[in-house]
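So the sequences go chain by chain: A and B. By this note's numbering, the letter at position 58 of the first sequence is numbered 58, and the numbering carries on one by one without gaps. By this note's numbering, the letter at position 353 of the second sequence is numbered 353, and the numbering carries on one by one without gaps.
Source of the hints: derived by calculation from the structure; they are not laboratory data. There's no promise every hint is true.
From chain B, some residues computed to sit far from chain A (all C-beta separations above 12 Å) [as the list claims (entries may be wrong)]:
hint : residue
1    : Gly27
2    : Ser60
3    : Gly150
4    : Gly165
5    : Gly244
6    : Ala254
7    : Tyr257
8    : Arg269
9    : Glu299
10   : Ala332
11   : Thr343
12   : Pro347
13   : Thr349
14   : Ala358
15   : Glu371
Derived CB-CB ranges, DEER-like [stated by the list, open to error]:
hint : chain 1 : residue 1 : chain 2 : residue 2 : range
16   : B       : Arg140    : A       : Gly197    : 23 to 31 Å
17   : A       : Val23     : B       : Asp134    : 50 to 58 Å
18   : B       : Thr346    : A       : Gly197    : 54 to 62 Å
19   : B       : Arg140    : A       : Leu134    : 55 to 63 Å
20   : B       : Glu137    : A       : Arg201    : 16 to 24 Å
21   : A       : Ala109    : B       : Gly132    : 28 to 36 Å
22   : B       : Ser60     : A       : Gly13     : 54 to 62 Å
23   : A       : Ala109    : B       : Arg76     : 30 to 38 Å
24   : A       : Ala109    : B       : Lys95     : 27 to 35 Å
25   : B       : Arg15     : A       : Ala109    : 35 to 43 Å
From the three backbone atoms N, C-alpha and C, an ideal C-beta is built for every residue, glycine too.
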Amino acid sequence: MSGTSILPRLPLGDAVESAIDWVTTTFRWLFLALRDAAAFAYDALDAVLGGPPAWAVALALAAVALLVRGWRLAVGSLVGFAVVIAVDQWDNAMDSLALVLLASVVALALAVPLGIWAARSDRVSAVLRPVLDLMQTMPAFVYLIPMVFIFRVGIVPGIVATVIFAMVPGVRFTELGIRQVDKEVVEAGHAFGSTEGRILRQIQLPLALPTIMAGVNQVIMLALSMVVIAGLVGAGGLGGDVVNALTRVDVSLGVEAGLSVVILAMFLDRVTSALAARAPVSRALATASA
Amino acid sequence: MTALRAEGVYKIFGRRPGEALRRLRDGATRDEVRPWGTAAVIDATFEVASGETFVVMGLSGSGKSTLIRMLNGLWRPTEGRILLGDDDLARVDAKRLRELRRRRVSMVFQHFALLPHRTVLENAAYPLEIQGVDVAERRRRAGEALELVGLSGWGDVVPAQLSGGMRQRVGLARALAADTDVLLMDEAFSALDPLIRREMQDQLLDLQQQLGKTIVFITHDLNEAMYLGDRIAVMRDGRIVQVGTGEQVLSEPADEYVAQFVADVDRSRVLTAGSVMRPPAVTVQVTAGPRQVLRTLREQQLPAAYVVDRRRVLQGVVRDADVVTALRSGAAALTDALERDVTSVTPTTPLADVFAPAAESALPVPVVDDERRLVGVIPRVTLLEAMTPADIVPADDLPRTPPEGSPLPGAVTTEPEVVA
Numbered sequence: 001m002s003g004t005s006i007l008p009r010l011p012l013g014d015a016v017e018s019a020i021d022w023v024t025t026t027f028r029w030l031f032l033a034l035r036d037a038a039a040f041a042y043d044a045l046d047a048v049l050g051g052p053p054a055w056a057v058a059l060a061l062a063a064v065a066l067l068v069r070g071w072r073l074a075v076g077s078l079v080g081f082a083v084v085i086a087v088d089q090w091d092n093a094m095d096s097l098a099l100v101l102l103a104s105v106v107a108l109a110l111a112v113p114l115g116i117w118a119a120r121s122d123r124v125s126a127v128l129r130p131v132l133d134l135m136q137t138m139p140a141f142v143y144l145i146p147m148v149f150i151f152r153v154g155i156v157p158g159i160v161a162t163v164i165f166a167m168v169p170g171v172r173f174t175e176l177g178i179r180q181v182d183k184e185v186v187e188a189g190h191a192f193g194s195t196e197g198r199i200l201r202q203i204q205l206p207l208a209l210p211t212i213m214a215g216v217n218q219v220i221m222l223a224l225s226m227v228v229i230a231g232l233v234g235a236g237g238l239g240g241d242v243v244n245a246l247t248r249v250d251v252s253l254g255v256e257a258g259l260s261v262v263i264l265a266m267f268l269d270r271v272t273s274a275l276a277a278r279a280p281v282s283r284a285l286a287t288a289s290a
Numbered sequence: 001m002t003a004l005r006a007e008g009v010y011k012i013f014g015r016r017p018g019e020a021l022r023r024l025r026d027g028a029t030r031d032e033v034r035p036w037g038t039a040a041v042i043d044a045t046f047e048v049a050s051g052e053t054f055v056v057m058g059l060s061g062s063g064k065s066t067l068i069r070m071l072n073g074l075w076r077p078t079e080g081r082i083l084l085g086d087d088d089l090a091r092v093d094a095k096r097l098r099e100l101r102r103r104r105v106s107m108v109f110q111h112f113a114l115l116p117h118r119t120v121l122e123n124a125a126y127p128l129e130i131q132g133v134d135v136a137e138r139r140r141r142a143g144e145a146l147e148l149v150g151l152s153g154w155g156d157v158v159p160a161q162l163s164g165g166m167r168q169r170v171g172l173a174r175a176l177a178a179d180t181d182v183l184l185m186d187e188a189f190s191a192l193d194p195l196i197r198r199e200m201q202d203q204l205l206d207l208q209q210q211l212g213k214t215i216v217f218i219t220h221d222l223n224e225a226m227y228l229g230d231r232i233a234v235m236r237d238g239r240i241v242q243v244g245t246g247e248q249v250l251s252e253p254a255d256e257y258v259a260q261f262v263a264d265v266d267r268s269r270v271l272t273a274g275s276v277m278r279p280p281a282v283t284v285q286v287t288a289g290p291r292q293v294l295r296t297l298r299e300q301q302l303p304a305a306y307v308v309d310r311r312r313v314l315q316g317v318v319r320d321a322d323v324v325t326a327l328r329s330g331a332a333a334l335t336d337a338l339e340r341d342v343t344s345v346t347p348t349t350p351l352a353d354v355f356a357p358a359a360e361s362a363l364p365v366p367v368v369d370d371e372r373r374l375v376g377v378i379p380r381v382t383l384l385e386a387m388t389p390a391d392i393v394p395a396d397d398l399p400r401t402p403p404e405g406s407p408l409p410g411a412v413t414t415e416p417e418v419v420a
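One chain only, chain B, in its complex shape:
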């Protein structure tokens, strides 16, 4: 079910938004229409499913803050529709808009935006106060929200007495207390230091597991986007250049800009075993004889191979030395040489967790499905390759002068140093 939908949304600030809009539609760029106005958001179209965490990612000035502010009517779009349920936020009157903000959509702010002269509990209760909930009820519900974010017992202090991370928890509790189905988070963790930020991200994922809100999360941090988002929209110069899952953005970047952007992401947390695994070069059937296996290993020049049964369920691994020993002792079946204790991963395992098994054994790491059927392997070289973005060429291979239309506009040419 769709919770929120944007259709052809433009937001242009300035003297003549109409003129700027017309020119943008005729294909003008953001810079070309600057004399008529500043185009903050250009032709944004997307849907957010209910219960989904939708991350909008972009650098500062990309229009993401303006975009999120249109999702609760803090800004009205210059053109286009923003559908929250059946209401078009571009057209609702002020009274209905206030009603929607009270009941349907709440917000968490970058710099927390708490009322400094009110206690933590009063801050968390603020949306309920606006909704007209009576005092006892709002204290109870605000207390529950504070408990959800791990701040029970802190209700009577003022925000200035809390650390940044705790203040943002109050901000989150306030948004949760409002009990709306849509939650907008504007760079909510960007002002926090990295360790606290990680903690808050984990907490948000936990809460999301319990509450199943529809979350629109704005960030400039790609790692955060990948970690939190079910889907990610990448914004550049006011336009949404790609919408997709973290893996799609990483493995099939829509253009050079996105490719550059994802170049420094912590790929090991985003990519999964399933996305990099290869079909195994050789598998042997558990029913095969030792001689047959030895011949296969010799032909393929491999020191070992994975053993599967008819249904491709992983049985173990055989090594050349063990097979030879078994043959000398006159064994007719492979089972004598079989090493059953094999560490495997599943297709959904993040690559970060594949390193340890890969380090333990010289063999590619086997990937098995829920029924332990072998679906692929990850050779170490593939693992290392996956950690490097596709279009980043090792430094030694960079030409001294980039050719015409170099795919790396940011690449710096270095003149050969003069050695004295």
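Only chain A is shown next, with the shape it has when bound in the complex:
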């Protein structure tokens, strides 16, 4: 009882809880609309990925790998997907992939504009920094609790928590990428009479693109890691089976679901980093060193 005698107990948790209660009841209509929209988007995406036969989807994904990188990655992906199908985790993997893609798209749609804003204003950057720190370091489970309050158990709290958790590197890398653009090149844009918007579109974003793409890669990887945790609140997919394996102490199920997560992660990582190498700036520099 030594600590409590000096300072009164600060009811921080209670305060946040009642704030969330208030938000939940006041904006119930908004959250309901959000939930329906998210659920609809997820169902549509899941139907595309999980609907057709497994081999067709696996081939289509391998074709994507072939396009962005080359035949090695395509063959490797096919082998990986074959393992996933063989351990009977394909449907779960596609559920998770749908969740990852949806959450990543939403996270990037929020993160990139925020990053641009932060790059253009030191004040915004200063305000955003502690908020981003909080979002990134707060244990991921903690997001899930209020999400369940607001959206109830299911896919949607998983998506929302994933978006919040995964968008941080998207903001950071976008800001960094734009701030790192050679000052003289931006000056050149001004010196020839370009408008701000044009400088952003024609100079800052293209030159920052390799860095922004590294951020996209990070967003997707974080989304995947969060998707597993989202299994705790009934988001299903591979995360659901990992949670099942944990509660039942089922080593064989745990290994199979876990391995499928790894295969999915490697596929997503290689494809997105190949995309970064295809940015015009990276390609121009590559031609020179060839």
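Let chain A serve as the given structure and place chain B on it in line with the hints.
Quick look at chain B alone, frame taken from chain A:
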């Protein structure tokens, strides 16, 4: 005609520019106002005539980069006016400023500032794209600009495939493609290695001959300033300490700082024969007789003298031995002893080109004008003297301890070495 004029321009960065400005006007120095802000440019006033190459020279931190960035509105002056035609860049609105940057003034950057993801042609066409010129027209004009700088055929590669010198040519082509009358060049050749830099300087002079742009050129290299500039402004600690031609800066430095600065310039390229020549000690008229000439040479203790006619047109040279020979053979006129083949220079010849004639003959090099009239001579000693800055004392004459208020603040006193 004036293309560009700066009137009492100040640029102060920092928290309280107003306070710093007030104190600077009351005579405070740059260091004294540091608590209120950094005074990058202090009370700059100058005019650039149209078609002129105006060089702003100073060391890093002297404010020259800030100054050039105010000439196209990248920075707004804290105080003062910058007139580009009828527009005051300190006061125009953003829209008008963009218009001026598109039509009136373009810029070449130290590190080229090209768009790495675009081809050379697209880079050169960039200002035209901003101006709203249609694609075919901008490709044509960008191609012409690339041809001007000697890069035709390179349009389809990306900048990363080019050497530094070629990249800066693209930078120059881009500025030329914009077809503005004013061209700002910010340390444009400083990032290039010396041989390429020389080549670029020559090319710029050639282009300037053809195009007659108004150029403001920033450099920290005095040789470059002297080589390129019609006039030079020397900046120190934010202030312009002298504006003048290269020769004026070299021969009449405004203060100790400028004198120190010009001490290591390649004077032979800047100084001309006209600026160092002396009146000839003795000339003889072509009508004079041999005896009279011999007497003059004996009195002046000279071995030879230049011969001119009534209009002072150089006829040749006579040497004492030749005059004596002529006398012995009974010649009455000087023409028999006259050596007509004399190498001469004109007042505008750079001193670098006076060395060869000076080495050929023991006589001072004659300087003649367009009508071959003798206007002066350059004795070898004068030539050598001109190569050494006026206030650099030969090492042996340096006092061990500089007197109070030594004119050479940088001079190092060396203690006598202890011999073991």
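Cross-check of the supplied hints:
At roughly 34 Å, the least C-beta separation between Gly27/B and chain A is larger than 12 Å, which holds for a residue marked as non-interface. Interface exclusion of Ser60/B from chain A stands, the closest Cβ pair being 16 Å apart, more than 12 Å. Chain A leaves Gly150/B outside its interface by the beta-carbon criterion, the shortest separation being 21 Å against a cut-off of 12 Å. Listed as a non-interface residue, Gly165/B keeps its Cβ farther than 12 Å from every Cβ of chain A; the least gap is roughly 16 Å.
For Gly244/B, the shortest C-beta to C-beta distance to chain A comes to about 29 Å, beyond the 12 Å cut-off, and the non-interface label holds. For Ala254/B, the non-interface assignment is confirmed: its Cβ lies about 32 Å from the closest Cβ of chain A, beyond the 12 Å cut-off. Residue-level check passed: Tyr257/B sits 29 Å from the nearest beta carbon of chain A, beyond 12 Å. Under the 12 Å C-beta cut-off, the non-interface status given to Arg269/B relative to chain A holds; the minimum distance is some 30 Å.
Listed as outside the interface, Glu299/B is consistent with that label: its C-beta sits roughly 68 Å from the nearest C-beta of chain A, beyond the 12 Å cut-off. Residue placement check: Ala332/B keeps its beta carbon more than 12 Å from all beta carbons of chain A (closest about 76 Å). Against the 12 Å criterion, Thr343/B stays outside the reach of chain A, whose nearest CB is about 50 Å from its own CB. Every Cβ of chain A is farther than 12 Å from the Cβ of Pro347/B; the closest lies at roughly 41 Å, confirming the non-interface assignment.
Remark: the non-interface label on Thr349/B is consistent with the geometry, its nearest Cβ contact in chain A lying 39 Å away (cut-off 12 Å). With a cut of 12 Å on Cβ distances, Ala358/B stays outside the contact zone with chain A, its closest approach being about 46 Å. The Cβ of Glu371/B sits about 49 Å from the closest Cβ of chain A, beyond the 12 Å cut-off, so the non-interface label holds. Here the CB-CB span from Arg140/B to Gly197/A is close to 27 Å, well matched to the stated 23 to 31 Å.
The supplied range of 50 to 58 Å is met by Val23/A and Asp134/B, whose beta-carbon atoms lie about 54 Å from each other. Evaluation of the 54 to 62 Å hint for Thr346/B and Gly197/A yields a pass: the beta carbon distance comes to about 58 Å. For Arg140/B and Leu134/A, the Cβ-Cβ distance of about 56 Å falls inside the hinted range of 55 to 63 Å, so the restraint holds. In this structure the hint that Glu137/B and Arg201/A lie 16 to 24 Å apart at CB holds, the actual value being about 22 Å.
For Ala109/A and Gly132/B, the Cβ-Cβ distance of about 32 Å falls inside the hinted range of 28 to 36 Å, so the restraint holds. A hinted range of 54 to 62 Å holds for the C-beta pair Ser60/B and Gly13/A, which are about 57 Å apart. Distance hint for Ala109/A and Arg76/B: a CB-CB separation of about 36 Å, consistent with the stated range 30 to 38 Å. A C-beta distance of roughly 32 Å is found between Ala109/A and Lys95/B, which places it inside the suggested range of 27 to 35 Å.
Our hint of 35 to 43 Å for Arg15/B and Ala109/A holds, since their Cβ atoms are close to 39 Å apart.
Hint violations for this structure: none, all hints satisfied.
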